[in-house]
Amino acid sequence: MLASVFTKSARDALLWTVAAMAVLLVMAGVAMPMYAEFGEGYLGLMEEMPQWLRVVYGESMGSVAGLVGMAMFTLVSPLVLLVYAIAMGTGAAVGEEEDGTLALLLANPISRGRVLLAKAAVVFIGILVIVVAVWLGIGAVAGLVGIDMGGQDTFAASVHLAALALLFGALALAVSAWTGSSALGLGVAGITAVLSYVVRTWLPIVEDLADLARFSPWHLYAGADALQRGIDPLLLAIALAAAAALFGASFVGLRRRDLRV
Amino acid sequence: MSHPVAPVPIRTEGLTKHYKGVHAIEDLDLEVQRGEVFGFLGPNGAGKTTTIRALLHFIFPTRGHASILGLDTVGESVEIRRHVGYMPADYTLYPNLTGAETLRYYANLRGGVDERVVADLAERLEADLARKNADLSSGNRQKVALIAAFMNEPELLILDEPSSGLDPLMQQELQAIIREVRADGRTVFLSSHSLSEVERVADRVGILREGRLIVVERVDVLKDKAIRRLDLEFEAPVSADDFRSVPGVRSVEVHGHGLSVSYEGPVNALLRAALEHQVVNLNSREADLEEIFLAYYRGAANGSAPDAG
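Going line by line, the protein sequences match chains A and B.
Taking the numbering used here, the leading residue of the first sequence gets 1, the next gets one more, and so forth.
Taking the numbering used here, the leading residue of the second sequence gets 1001, the next gets one more, and so forth.
Hints were generated in silico from the structure; no laboratory data involved.
You may find that some hints are simply not true.
Stated by the list, open to error - Partner residues aside, some chain A positions facing chain B, computed with beta carbon under 10 Å:
1) D12
2) N108
3) R229
4) G230
5) I231
6) D258
Quantities reported herein were computed from a predicted structural model and do not represent experimental measurements.
Glycine is no exception: its CB is placed at the ideal position from the N, C-alpha and C atoms.
Given the sequences, and given the hints that come with them, work out the whole structure.
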């Protein structure tokens, strides 16, 4: 498992990848049977929710399957995946530099760009693995507890979720690569994620501000409403293009600055 | 890579690095010859490590140019590192790997190394490669990093403070390994703040002061310029005045029957003066480059560096 920077980084990332996956699968495994059992009662309660809460949580909760989709894709999965993507993206760009292991690594005939590529590839694959596991996990649990997910496009939601995680992971990667600072990478990407979530989720409560919410990066995910409407090609393309641009920028940043080794 | 003429291992021309207003290195002109051990000396903060970081392209020079084995340090860094072994002064080993795993990882990145060389180095340095790096003492971690630098039998070794943390026996072994590398026709660039470390193995030394190279000289020439010390013990007390006027004598100290003299140049006149008395014991101390080092420093600080010859 130490054949290359990629395999070593994959091994190092294994624990966090499995942990993120386990958190989400446990969430699905605990929440979904509860919804199956008490879902109709929840829905009755939701009927009485004020209008502004409906705006926040969406109108898609008319069924138990809708409840499950909302529970898994509105906050929990994005939260866990973004924490993973931002932390791993930052680590890919400056982890070894800050740990002090980069000096001996770069004593070998390998360019800093190659190191970044290998480490970013691990984050990319890690995100995909987690998203696929969650998608399969939701389907499996739904089958076990007898929830009909037929009306919910969990695949499309998972694709958009992966794109969102790639976008913020690439932002963390780019900021860290340019500045050489994990604090800045985590801070900028983390704060951007929280603000964009808040803006996209809460601005629509005020009718006059609802349009502004579309400019939040979170809109690329939430605005697609993929659970109901399937993949939104435009929003997905924008999210992936932005992620790719940030990914490219991280190489430029890393190759032009002095390393602290 | 094949070169019609064996390229110079290290050449810098006007190499300069400024950080946020700090002149870390300034107009460094340096040429290290094939098959020599070059001692790169200076106190901490003089710019030694900055120079090495520029040579390995971890940092960009502000001005100037450097080449290693004829290759440009900025544009051909990966190819350079194929032929160079590097031991940093400041590094961390992967804590969750053993020494053996660490070396295998680096060997894989090099496309493989001769396992026998690794085993031989590990045996000579008495390195424990089976334990996790996190559990190793600083000296044992140093051995792992040293093996990593030497294991691909590079044409050029760049060693930054390689002895720190090693016990005296291992320091001697390292010096022996460095001499063997030189005997092999390969080149060693040895950076240190300690002259005693460098003078035992280096052919030439360069002394760096506040980012500027103030002298490059052969070690034996520097030693000739050195102030040496002689401790003499007499049967009866002697007078310091009998020795102060002896040519070459710099300072005289008398303590009971004993006499300590520092001098430069030939020792003949001093010995003749001593033999006027009954000498019981005589002890000569090896020329100390620390003295020359300080002399150069004081000289440069006063704007009157001694002639580098």
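Checklist entry - Does the interface hint hold: is A/R229 within less than 10 Å of chain B, judged Cβ to Cβ? => result At about 46 Å, which exceeds the 10 Å cut-off, the nearest Cβ of chain B leaves the hint on A/R229 violated.
Checklist entry - If you take the shortest Cβ to Cβ gap from A/G230 to chain B, is it below 10 Å? => result violated, 44 Å
Checklist entry - Does the nearest C-beta of chain B fall within a distance shorter than 10 Å of the C-beta of A/D12? => result With a minimum Cβ separation of about 8 Å from chain B (threshold 10 Å), the hint on A/D12 holds.
Checklist entry - When the nearest CB of chain B is found for A/I231, is that gap smaller than 10 Å? => result Constraint on A/I231 not satisfied, violated at 40 Å.
Next on the checklist: Would the hint on A/D258 be counted as holding, given a Cβ-Cβ threshold of 10 Å to chain B?
Outcome noted: holds, 4 Å
Checklist entry - Is the shortest C-beta separation between A/N108 and chain B less than 10 Å? => result holds, 4 Å
Going down the numbered hints, you'll see the structure goes against 3, 4 and 5, while the others check out.
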